[in-house]
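Which chain is which? The protein sequence lines are Z and C, in order.
Heads up, the first sequence is in the numbering used here, so the first residue is 29 and it goes up one at a time.
Heads up, the second sequence is in the numbering used here, so the first residue is 4 and it goes up one at a time.
Think of the hints as simulated: they come from the structure by calculation, not from any bench.
Each residue gets a CB set at the ideal place from its N, CA and C atoms; glycine is no exception.
Certain hints may be false.
[What the hints assert, rightly or not] Label-pair restraints from in silico Cβ distances: (1) T216(Z) <-> Q120(C): 31 to 39 Å; (2) G93(Z) <-> C104(C): 34 to 42 Å; (3) G74(C) <-> N73(Z): 47 to 55 Å; (4) E172(Z) <-> Q120(C): 35 to 43 Å.
[Claimed, not checked] Simulated pairs of lysine to aspartate or glutamate, EDC-like, Cα-Cα distance not exceeding 16 Å: (5) K66(Z) <-> D23(C); (6) K157(C) <-> D127(C); (7) K66(Z) <-> D30(C); (8) K66(Z) <-> D46(C); (9) K331(Z) <-> E183(Z); (10) K170(Z) <-> E183(Z).
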Amino acid sequence: MNSFDYVRPATIAEAITAAAEPGAAYLAAGTNLLDLMKGGVTRPNRLVDVTRLPGLDRIERLPDGGIRIGALVRNADLAHDRDFARSYPAIAEALLSGASAQLRNAATVGGNLLQRTRCGYFYDVASACNKREPGAGCDALKGENRLHAVLGWSEACIAIHPSDFCVPLVALDAVVEIEGRTGRREVTVEALHHLPGDTPERETALESGDLIVALRLPAEAGMFSAHARYLKVRERTSFAFAVVSAAAALRIEEGTIRHARLALGGVAAKPWRARSAEEILAGSNPSAPAFRRAAEAALADAKPSGDNRFKIELAQRILVRALTLAAAGTPERVLALPASPFSSIPGALHA
Amino acid sequence: MNVSISLTVNGVRRDVALEDPRVTLLDLLRERLDLTGTKKGCDRGQCGACTVLVDGRRINSCLALAVSCDGAEILTIEGVARGDKLHPVQAAFIAHDGFQCGFCTPGQILSAIGLIQEGQAGDDPERIREGMSGNLCRCGAYSGITEAVLDAQKSLAETNRRQAA
Numbered sequence: 029m030n031s032f033d034y035v036r037p038a039t040i041a042e043a044i045t046a047a048a049e050p051g052a053a054y055l056a057a058g059t060n061l062l063d064l065m066k067g068g069v070t071r072p073n074r075l076v077d078v079t080r081l082p083g084l085d086r087i088e089r090l091p092d093g094g095i096r097i098g099a100l101v102r103n104a105d106l107a108h109d110r111d112f113a114r115s116y117p118a119i120a121e122a123l124l125s126g127a128s129a130q131l132r133n134a135a136t137v138g139g140n141l142l143q144r145t146r147c148g149y150f151y152d153v154a155s156a157c158n159k160r161e162p163g164a165g166c167d168a169l170k171g172e173n174r175l176h177a178v179l180g181w182s183e184a185c186i187a188i189h190p191s192d193f194c195v196p197l198v199a200l201d202a203v204v205e206i207e208g209r210t211g212r213r214e215v216t217v218e219a220l221h222h223l224p225g226d227t228p229e230r231e232t233a234l235e236s237g238d239l240i241v242a243l244r245l246p247a248e249a250g251m252f253s254a255h256a257r258y259l260k261v262r263e264r265t266s267f268a269f270a271v272v273s274a275a276a277a278l279r280i281e282e283g284t285i286r287h288a289r290l291a292l293g294g295v296a297a298k299p300w301r302a303r304s305a306e307e308i309l310a311g312s313n314p315s316a317p318a319f320r321r322a323a324e325a326a327l328a329d330a331k332p333s334g335d336n337r338f339k340i341e342l343a344q345r346i347l348v349r350a351l352t353l354a355a356a357g358t359p360e361r362v363l364a365l366p367a368s369p370f371s372s373i374p375g376a377l378h379a
Numbered sequence: 004m005n006v007s008i009s010l011t012v013n014g015v016r017r018d019v020a021l022e023d024p025r026v027t028l029l030d031l032l033r034e035r036l037d038l039t040g041t042k043k044g045c046d047r048g049q050c051g052a053c054t055v056l057v058d059g060r061r062i063n064s065c066l067a068l069a070v071s072c073d074g075a076e077i078l079t080i081e082g083v084a085r086g087d088k089l090h091p092v093q094a095a096f097i098a099h100d101g102f103q104c105g106f107c108t109p110g111q112i113l114s115a116i117g118l119i120q121e122g123q124a125g126d127d128p129e130r131i132r133e134g135m136s137g138n139l140c141r142c143g144a145y146s147g148i149t150e151a152v153l154d155a156q157k158s159l160a161e162t163n164r165r166q167a168a
């Protein structure tokens with residue numbers, strides 16, 4: 029790990045000033061950042077510890093029916109907040125399907141939004157990576173790439189975004205509140221993450237010194253609670269990143285889908301909102317053919333970036349399954365194996 | 004860059020001067036405070052051998068900077084027994100063969116104590132396995148670990164009931 033200065037600002041304004049210097053990075057729990065620093069993947073010369081900033085660890089109901097989550101709320105605390113989990117069950121399920129209990133106890137909401145890709149070539153400093161070193165090339169293109177992107181990728185970068193949490197957030201129109209050098213502004217989570225294009229090193233809409241202070245869900249996001257699921261295929265049932273995942277949230281009235289919200293994880297450099305699929309579902313009956321049509325629309329533009337054609341069909345099947353489970357109704361409580369496709373099979377056993 | 008921090012480790016206040024902020028909580032415990040019960044496995048948050056409680060929550064001490072834990076209360080494996088009396092989770096691990104080589108065991112035990120305090124798993128073995136998935140055991144003592152956690156949870160609940168009565 030390179031050496032760095034450590035500062036612990038007392039106010040948001042001090043934090044922004046300290047972090048606006050070149051080479052500075054914010055430190056919250058550090059569960060992703062320290063790992064990257066140990067590998068020499070990122071080498072900040074100053075860490076600005078934001079964990080003591082006051083007022084960023086609260087979950088507040090807003091007068092308009094929405095909810096505001098401070099950036100320092102821990103993943104586990106948010107997932108286990110009863111009121112939150114009841115209103116946004118797919119988000120709670122996504123949180124609980126990510127990482128391990130230890131990491132969820134530490135990791136923060138703001139940090140989760142900014143976690144970096146798990147592409148092995150990004151992590152391996154001996155490999156070429158345009159994201160780590162602009163212009164260096166991309167060793168993933170001709171390398172081990174069965175888990176890489178099938179949507180929105182470019183010749184410069186085929187990495188995927190690893191977050192589970194962000195997938196239902198994008199589906200439910202979550203908004204990020206940012207404090208920066210020029211004051212406060214907001215962007216949707218969908219607009220926070222960028223596709224690679226020619227500049228894969230520019231991963232988010234954040235500018236130097238910008239600090240995510242809160243995440244907000246609009247009132248409408250709470251209206252899907254009766255039919256909302258997150259489903260995630262991974263290479264082992266727990267403590268693994270998604271191969272493909274899907275968040276599905278439906279508003280069903282008198283047997284007809286009025287509104288549908290869908291997003292995919294593990295397929296692109298950002299959580300992938302599937303609006304064309306949502307449009308197909310609105311006004312349809314919740315049925316297998318409608319789900320399949322929606323899934324096909326969601327992946328219509330997909331193309332393999334390497335040895336990963338299977339992910340296109342897999343993503344469609346996961347979408348159909350997530351929609352089927354969402355239509356059947358949100359379980360009373362997040363299942364023992366959160367987001368596992370096996371949880372819904374009676375008698376399935378995992379040791 | 005020098006930084007001074009103070010921690011409460013297993014009930015004892017420790018003031019430490021660090022000449023470098025790169026020191027993780029894990030390395031602080033092992034290298035500076037001679038508490039080598041907490042193990043360094045992967046050092047990347049993937050194996051759980053370094054699990055300790057920080058302010059009552061189980062975390063991976065390899066992914067926490069010591070300086071960031073300034074003021075925190077830390078519980079490590081050295082602090083869970085009361086003198087010669089084992090913690091109920093320790094006793095249950097012995098009773099149920101919850102280990103073979105023992106390297107992952109301090110992390111398993113701290114993780115189990117954290118899991119029981121979190122109160123989310125109940126007596127569902129599937130929820131316990133899921134809740135313990137951040138602790139790898141290369142010997143594969145998982146079935147004993149699950150039984151030990153179930154048993155320890157029961158005996159801790161019984162103790163709490165008796166104390167409340």
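Quick rundown of the hints versus the structure:
1. Between T216(Z) and Q120(C), the C-beta spacing of about 37 Å keeps the proposed range 31 to 39 Å intact.
2. A hinted range of 34 to 42 Å for the beta carbons of G93(Z) and C104(C) is inconsistent with their spacing of about 54 Å.
3. Evaluation of the 47 to 55 Å hint for G74(C) and N73(Z) yields a failure: the beta carbon distance comes to about 25 Å.
4. Between E172(Z) and Q120(C) the Cβ separation comes to about 40 Å, which falls inside the hinted range of 35 to 43 Å.
5. For the suggested pair K66(Z) and D23(C), the alpha carbons sit about 15 Å apart, so the restraint of at most 16 Å is met.
6. With a C-alpha separation of about 12 Å, the suggested pairing of K157(C) with D127(C) holds against the 16 Å cut-off.
7. Taking the CA atoms of K66(Z) and D30(C), the gap is near 13 Å; set against the 16 Å cutoff, the hint holds.
8. In summary, the hint linking K66(Z) to D46(C) is supported, as the alpha carbons are separated by about 9 Å, within the 16 Å threshold.
9. This hinted pair checks out: K331(Z) and E183(Z) have alpha carbons roughly 12 Å apart, not beyond 16 Å.
10. As the CA atoms of K170(Z) and E183(Z) are separated by approximately 11 Å, the hinted pair is consistent with the 16 Å bound.
When held up to the earlier numbered hints, the structure conflicts with 2, 3 and fits the remainder.
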